[in-house]
Structure formats: C-alpha cells, structure tokens
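**Q** Sequence:
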Amino acid sequence: MKAKSPNSIDVYVGNRVRVRRKTLGMTQNGLAELLGITFQQIQKYEKGTNRIGASRLQRISEILRVPIGFFFENGGAGPIDGATNELNSFLSSKEGLALNKAFIAIEDPNIRQKLVALAKSLAVAGLSDGDNELQDSVVNS
1 MKAKSPNSID VYVGNRVRVR RKTLGMTQNG LAELLGITFQ QIQKYEKGTN
51 RIGASRLQRI SEILRVPIGF FFENGGAGPI DGATNELNSF LSSKEGLALN
101 KAFIAIEDPN IRQKLVALAK SLAVAGLSDG DNELQDSVVN S
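Numbering-wise, UniProt numbering puts 72 at position 72 of the sequence shown, and it's gapless, one number per residue.
Keep in mind that the hints were calculated from the coordinates and are not lab data. Take the hints with a grain of salt, since some may be wrong.
As the list claims (entries may be wrong) - Pairs of lysine to aspartate or glutamate, DMTMM-like flavour, derived with a Cα cap of 25 Å: (1) K101 to E86; (2) K120 to E62; (3) K44 to E62; (4) K4 to E33; (5) K22 to E95; (6) K94 to E73; (7) K4 to E86; (8) K94 to E107; (9) K120 to E95.
Given these sequences and hints, build the entire structure.
**A** In structure tokens, the structure reads:
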C-alpha cells in the first residue's frame, strides 16, 4: 500500500510553525517541552506528516507569540499559490531566516526602507533585459 502524502495545508502550517520557532531561536525540544510532547511530534507537525489540532495550534500560537492566523496564508483567507510556496521555501531556508532576523534587528525605519530599495535594485540588476514583467513586479512591490 502506498503511503499517504501530507496535505498541502498541513505542510504549510507546519512550515510556518518551523519558521516562527527558528526566528525566535527556539529548538524543537524547547517547543515540545512547553507543549508537553516529544520533539519527534514537533518534527512531524513541521513536516506536515501529522496534523496539528485546533487546541494545540492555539497553544503553539501563544508560545510563539503570534496570532493564530499567522499559520495560514493571508490570515486564513484564500488559497496557497505557487508564489506563496516559493516565498515560504525561502523564508524557511537558512538565508531567509538569517535575512529576516537581521532585518528585524534594524529599528530605524529609514534604514529598513533603504535596505529594501537596495535589495530591489540588486534583484533588478540580476535579471536579464527580457524580464520586463518581472522587473516591474520587483520595482513595484
């Protein structure tokens, strides 16, 4: 019998738990202890192989200090598309986590705006001349 693949929503929710936990510098074991479960269960939640029940997700949102809507695309409104999956993959990568932690540490809004402008200009510079639509989307985002 073929193993059942995880539901895409369970994978997305689990990945959001992972991203937030790592952003806070919390280990799987640390989160598991606060929930009274094993770190292996956290691994299963984060991979989407086990579904997180509503009451447990509520408790996770309290521990990770985010509203429950954080775990769902657009706060739970709307489907997950390819662009969202790409963004989510980046946010959970080593580089994405490091970039987000560094950005959060910048308190001056002017410096943040300059950093976003720099990132946009670097992104556009890295695109070929034929990518006009992509260039426009980067500049206008």
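**Q** Can you list which hints this structure breaks, lowest number first?
**A** Violated hints: 2 and 4; rest satisfied.
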